[in-house]
Amino acid sequence: MAGVGFSLKKLRDDDSYTGLIRLYGAAGIISSGPWLLSILTLLFIGIIGRQLVPNTVALQRFQVSVTWLFAASLLWTGPLQLMFTRFIADRDYLGEHDQTLPNLHGALAVVGAATFALAVPFVVQFEDSSWLFKWLLASAFVVLSQTWMAIIVLTGLRAHMHVFGCFALGYGVTFIGCMLGAPYGETGLLGGFVAGQSALLFSSLAVLAKKMPAKTPVAFRFLERRSLFFELGVVGLLYNLGVWIDKLIFWWSPGTGQRVLGPLYASEVYDLPIFLAYLTIVPGMAVFLVRVETDFAEAHHAFYAAVRNGAPLLRLETLCQEMTDSARRAVVDIVKIQGITLVVCATVGPWLLSVAGISELHLPLFYIDAAGVALQVIMLAVTSMFFYLDRRRAVCWLTGMLFVSNASLTWLTQRMGPEFYGYGFAIAMAITSLVGLVALSRTFQHLVRDTFMRQPVVS
Amino acid sequence: MQQTSEIAGENRSWMSAFGLVLALAAELGGLVCALRGEQAPAVGLHALSALGFGLWAADGKVMSRPGPFIAACMMVFTIPVLGALGVALLIVPAWRDQRPAENDGIVEISLPHAAAVSGGSSAQEGAQQVRIAPAPIELVLRSQGAAQKRVASVMALRRMDAARAVPLLRVALGDTHEDVRLLAYAILERREKELRGRIEVLLNDLEALQAASAASEDKQRAAVLKALAEQHWELVHGGFVSGDVEKQTLTAAARYGHESLLQAQDGSLALLLGRIQLRACKPGSALHYLRAAGSLGVGSSVLAPLYAEAAFLMRRFDAIGPLLAEAGNAPLARPKLDAVARFWTAREDQT
Amino acid sequence: MTKEADIALLLEGTYPYVRGGVSSWVHQIITGLPLVTFSLIFVGGRRSDYGEIRYELPKNVVHVETHYLEDAWKQKQSKSSPRTGENQFRQSAELHEFLKYSAGGKRPAGVDVEALGKTADRVLGLLERPDGLCLNDYLSHPLAWEQIRKAHLEGDDQASFVDYFWSLRLMHGPLFQLARIANSAAPARAYHTISTGYAGFLGALLQRRRQRPLILTEHGIYTKERRIDLNQADWFEQLHAGREDASLGTTTALRELWIRFFESLGRLTYRAADPIISLYEGNRRRQLQDGAAAERTRVIVNGIDPKRFLPAFTQRSPQVPKVVGLIGRVVPIKDVKTFIRTIRQVVSVVPEAEGWIIGGADEDPAYAQECEALARSLGIADKLKFLGHQNVIEILPKLGVLMLTSISEAQPLAILEAFAAGVPCVATDVGACREQIEGGTPQDRALGLAGRVVPFADADALARAAIELLSDTDNWHACQAAARKRVAQHYSQETMLDAYMKVYQRALEV
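In the order they appear, the protein sequences are chains A, B and C. If you count by the working numbering, then the first sequence holds residues 41 to 499, one letter each, in order. If you count by the working numbering, then the second sequence holds residues 4 to 354, one letter each, in order. If you count by the working numbering, then the third sequence holds residues 66 to 575, one letter each, in order.
Only chain A is shown next, with the shape it has when bound in the complex:
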């Protein structure tokens, strides 16, 4: 697939200072825009909704429900997301562009059915909620799961502006819907949320239908055994688990978590800091997009094209070196930018929190979470580059390491007391990133050799 589109490349070639700002600004919007929108919308709903709801419990129930919906849908569809992306990429490479849309519809059908079936036994556990609320919860679960599938396809097509537009529309409707529904308590809020997510889903499907050719409306080819890479499924599961496990542990531990609604838990001490910490990775994500998804992707493409087109060895080694250099630049730049961000947070943090009315007790946890989250961006860069090189096994190991280390270290630090909260997450990220970087470096060292020697001989 092409790079991040002409606009970003053109911006990158503009060396002036304003050009640089525009480049990273655009990158920031593209990479972080969508989820920032969602976070900010929910934040605003929380702030303004406080005035509209009959009681604050309703708002809290709503917020916890949404958090769990996001977590559950990501965990649940994680495996399929990766496998499906790979499926689409393979079809694209073979020139079968008309397979994408029908198979997406097929995937949505399958995901929808399976998710709803999974949701039903879950939602019946919510004893003190209305059946409408339960229904909406199940719907929301289904819609979110389906939305991720549609969004990854759009992202894969590099239709970033469309993604942003759909999110804007979707969360706009969410906001309005929630405002309208707030007087009806958590059911109304949830109804607004479902309306907004449906708008997001349907608008992205409409965009896709316009952009892509297709011969049939629905296809299920992605379910064929030979089209699926199960290692990717494992990676999808482990990665999402690795990222969420520390939150889950905090939610479920009796000391730190409280039962809020039905089987849903929240952690007063842990949730807010990490939520705020995730806001700080916007610069890092922008750099990721420019350095990894554009620069590195180009160098990578150039290398493999040269291999196929019969370039001499010296040229191949030069191109490989350029790829290595761009990888190094990517990591260094991410570290730099997030480092600066951390310093800014440390400086401005206390003031911001006081302005927002959040207790200063959260501050230490916020700092360590910000560090951990920065390392997560590096992990993302490393795994992306491994994916480019198609080293699925390596990513499997890395994500497995992430899950195991995050789980065990979080549990350990929990036992050690409140001063150590959050260190589990950060250290797990640090370890995994470090190991990943070392492995990546070794891979680059022998990349030319392995590209040739590892190919099987097929007679």
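Just so you know, these hints were derived from the structure itself, not from any lab.
Which stretches of chain A does chain B cover? Using the computed rule of at least three CB atoms under 8 Å from a CB of chain B, they are:
hint, segment
1, 144-153
2, 174-182
3, 239-249
So these bits of chain C aren't anywhere near chain A, every CB distance computed over 10 Å:
hint, residue
4, ASN125
5, ARG363
6, THR538
For every residue, glycine included, the Cβ atom is placed at its ideal position computed from N, Cα and C.
Using the hints, position chains B and C against chain A.
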């Protein structure tokens, strides 16, 4: 594909219309029940609505198209009200409106650029223009010494257009070094094999078209006939036939070309026929075709040398000079023609 | 337990699965020396290219084994030994250096080619042996990569690397396969290979490992025939069909690579074989050029038994039949298309003439179809007959002239057989044809012309010669007389079998 045309067609089955009506009614009913707090009927009606939408989405043919049915059903059912709205307003119309994938259609066969068409651009044999001019290659081929250079020259001839390469290949065929001979032989054999292969394919196409006789086929027939004339001309022009086989091939080429010309007035074809007749030493017919070519838009500077050749064959030597003077501003690509032109125009000046 | 045969024949793509001149010769040797026991080790390319055994194997063939080089990739690979390392790869590098320098390239000072040669011999013993090098090492060991990389950079470092890399793999796979074959081949007291190339390499391996003598008889020159194959290979064209920067340089470089590869196999065979036999002086000189040691080379001409063909001679009718025959397989190297073009011209002058193609058409069906199509498009489909494989004794009396239009030959048996049956021959100037038709030694030349020799791929010249012979009866009879005398005096089967018996005896004594 059958499904595409069904989607695009206007006549949807009554089943699908029924499905839509049922779905809308059921959804509204379900909504009413929900607002009145009656759970079970609301769920039931909602499920019915989902089925109805599925039916509508699948155009009534649930068995043959389970995909759209399931997908639509799913979306409507899992998302109250909004699912129905989304499916009805966005999804199914988008499905109905889909552009079919680009038709692979008929692949254009790239025929070799017959040397007859003027302009001299041998565009068809790949975009690769050999960067070595023919004259130096000839020098190399006729030289003695290390065979390696001659082998490389012969390899370069593979990419050159037939008109210039074939005479040089025949020179290489008599080389003292065996490797050069064998390589030239292989290249010549391959060219002839390709030519004859294309002729076979074209003859088969012609046969297939003879059967059908619809009006739209005429253009195709004309194209095939033109291609056959070109290929037969290539056989002669490349020196692959000699003696009375050459005569027979020229006759066949003329016949195919003439038939094609009757169906499609084509300047370049008329020009080709002119050259064929000149080679067959029939200047009268050649003139007829050349005039036709002129009236169809072929430039006079292109036709002039051919007119001159016809004049030569008819022994009208006085006419040659003025004709070649017309072709005077021919580009450098035809040095031999320039030399000839100079000879005849100089004679003109003398008399 | 297979009995140890006297001589193991190493056959690449010929006897007993393919009919042809070389196969007939092999069959002749085996049947002519009934006191010697033979085992047959056949090496072919792809299984699908060969059918059944086409000859009735004589009783002195005690063992037959068949191998296909395509299995190089299909068989389960032997595991690399953990001890494989620098030592083995260094020796392999020296082998390659030996091959480079012994070809006569300029060598840096202080390079001892003989010592390199000894290492080369040792490497032959290492392949597919414990503590040696196996195919797996070549495919995956980091040192193998280093070697390939170095070779590319020292060679044409601007050529396409991916093509170079895969060509090397395609080349080396079969060599390891041959080493495996050498490990398990049935025992024999001496080995006789009928060509260089892969069979020759197998012979060198067997000579080295089992310390038994290796005899080489070369009919055609293997490297020349592979050059011809390469020239016609479609895959060279297709290789660059889709590429943006398809370069002439890469095609030439690859072609050179393959030619050098086959030349190296040849040199390794020459190094291991004694004696090195060729069919005529021209070929012997070529062998010397290609690296054979002069003192080991000798010429043993093919021979036939004239008595066998006497009935074919006596059955002839007094008139010269207006039939031009080509005895040979319908394959590109025989250039049947030029024969067809020649017949076209002959028929235009001698309308009652016919052309017969006497040989199997199943080896290259595509080519056979092209020939038939050519005959049709030239309008002589009724004058040209594809007779398939025929009994020579029955068919020769019906021929007026034998025509050989091959672009490459050794010492065609068909010409000798035609001469013995009293049929003059028109042939292209390839291989030993000139010697056969015009005479080799002055004594031989004094016998006169037994036909005509013309340049190859020249249908005009071929037609003129054929027309001349068919029309001028006196000339025809003179050629016939010369032909029969020449065969009887200089190409006798007895002489050939005697010579080989002596060669075998000497080898078996060692």
